[in-house]
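Engineer: As a plain string of letters, each chain reads:
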Amino acid sequence: MNMEKSSTLVVFNGDLDKAIASFIIATGSAAMGNKVTMFFTFWGLNILRKDEYVPVKKSFLENMFGKMMPRGANRLGISKMNMGGIGSKLMKKIMRDKNIATLPELMEMARDLDVQIIACAMSMDVLGITREELIDGIEYAGVATYLAAAEESQVNLFI
Amino acid sequence: MNMEKSSTLVVFNGDLDKAIASFIIATGSAAMGNKVTMFFTFWGLNILRKDEYVPVKKSFLENMFGKMMPRGANRLGISKMNMGGIGSKLMKKIMRDKNIATLPELMEMARDLDVQIIACAMSMDVLGITREELIDGIEYAGVATYLAAAEESQVNLFI
Amino acid sequence: MNMEKSSTLVVFNGDLDKAIASFIIATGSAAMGNKVTMFFTFWGLNILRKDEYVPVKKSFLENMFGKMMPRGANRLGISKMNMGGIGSKLMKKIMRDKNIATLPELMEMARDLDVQIIACAMSMDVLGITREELIDGIEYAGVATYLAAAEESQVNLFI
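Protein chains in written order, with my numbering: chain A, -17 to 141; chain B, -17 to 141; chain C, -17 to 141.
Keep in mind the hints are simulated off the structure, nothing from the lab. Treat the hints loosely; a few may be bogus.
Intra- or inter-copy, both count: the list cannot distinguish identical chains.
Said to hold, decoys possible - With a cut-off of at most 25 Å between alpha-carbon atoms, the simulated PhoX-like pairs for lysine-lysine come out as follows:
(1) K32 x K71
(2) K49 x K17
(3) K17 x K71
(4) K75 x K17
(5) K74 x K40
(6) K71 x K39
(7) K40 x K62
(8) K(-13) x K40
(9) K74 x K62
(10) K80 x K(-13)
(11) K75 x K(-13)
(12) K71 x K49
(13) K80 x K62
(14) K75 x K39
(15) K71 x K(-13)
(16) K17 x K62
(17) K49 x K74
In this text the structure is predicted, and so the values were computed from the model without any measurement.
When you get a sec, could you build the whole thing from the sequences and use the hints?
Structural biologist: What follows is the structure, given as structure tokens:
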């Protein structure tokens, strides 16, 4: 058994507010010297999408899902009071005004702190998301990899 | 203290996508040799409802709640982009087309792997759901039973 | 390392049903002799707001957010079938009729059982919520305090 402390987060939701909470916990834990693994699944995968449109051959349904889901950290809505994106814009404005780290900044911080970012391969298949559409520097794995990390972790969360 | 590894999941939400995630984690963990307990509470109880209508004497409010909530694993919506059930149907079609296990199949797998399925007695009381309306082979208990399992578990999640 | 058992909950959502679930788990765990910490962040802060309006000098955006978010445990909606507040009212009526503890009663119980209630300072800043607006007898801290508690806990949940 590994004696190093660790935290493992499942990021299931793709809302801006929950994404921010996930990365604040992840970077906080990594800054305290813990090994941190984030496992992005279902709508959480949208957080990892590249900002720009990536042309990929997809089935009709995959294409439709892809078009309807937000493309990357800058386009996420918030889980309450989103009001068609206005809530999300306001929250980002407030955070900028108060000098609180934005989601892209938190994600960069996570990378600098060696937080392990894993995209759930099965969810990618279900939602028709390909590797080319996701940001660089991440890993791809399934539930067994997640569970192996989770079993050794002191802090396990499903967000 | 029990030296066997274990996972305990609270399944609070009754969305198809979260139910699938719950059972993938539960069956994955059980397949790795862990003891797995799933505690279904509030809307999560809808996952355990029988497919067919079960006539039970209920109060007006209980009846209304019962009618408005989805009856079983085949009728759940998804937590995002459900679009009145279209999103849920599309996700099920995609999963069938790609040969990914459906929720009813995952639930059968969970049973075969001896995953312990507990329905929260207090939530059943609040939502007016009776034992006759839930699938067979499950247990009924309260928060103390959940907590006793959770305290011994390496992986605890609230889904 | 602390040998006392403990549970640590992040309460991110501000829905009545999730708040009730949080406090049932928290009071249940405390009643079993565990140290319990609840960390309220983002919309979860609304659970801790005082019932009455507290005049505080705020920016335009903070004021708007403050007006749109529910003020305290008695005004929360439920996460499903809220129907503009009707669902929430019905659930409260059912719980009263069945003599199940209401959210304010559960919160009082939590206090009696010495459950530690922490409001997330960063989220307060983002949502423009001040100390004067929150109930008495709580603490204020950041993610490092949360993580320190979480790392020592057997049960960690994100609700």
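Engineer: For every hint, state whether the structure bears it out.
Structural biologist: Each hint, compared with the structure:
1. K32 x K71: within (19 Å within a copy, 27 Å between copies)
2. K49 x K17: neither (35 Å within a copy, 40 Å between copies)
3. K17 x K71: neither (32 Å within a copy, 39 Å between copies)
4. K75 x K17: neither (32 Å within a copy, 38 Å between copies)
5. K74 x K40: between (32 Å within a copy, 18 Å between copies)
6. K71 x K39: between (32 Å within a copy, 23 Å between copies)
7. K40 x K62: between (32 Å within a copy, 21 Å between copies)
8. K(-13) x K40: Answer is neither: 41 Å inside a copy and 41 Å across each miss the 25 Å cutoff.
9. K74 x K62: both (14 Å within a copy, 22 Å between copies)
10. K80 x K(-13): Answer is neither: 32 Å inside a copy and 38 Å across each miss the 25 Å cutoff.
11. K75 x K(-13): Answer is neither; intra-copy 35 Å and inter-copy 41 Å both fail.
12. K71 x K49: both (20 Å within a copy, 18 Å between copies)
13. K80 x K62: Intra 21 Å, inter 30 Å, cutoff 25 Å: intra-copy only.
14. K75 x K39: between (36 Å within a copy, 19 Å between copies)
15. K71 x K(-13): The answer is neither: 36 Å in one copy and 42 Å across copies each exceed 25 Å.
16. K17 x K62: neither (31 Å within a copy, 31 Å between copies)
17. K49 x K74: Close inside one copy (23 Å) and across copies (19 Å); limit 25 Å.
Of the numbered hints given earlier, the model fails hints 2, 3, 4, 8, 10, 11, 15 and 16; all others are met.
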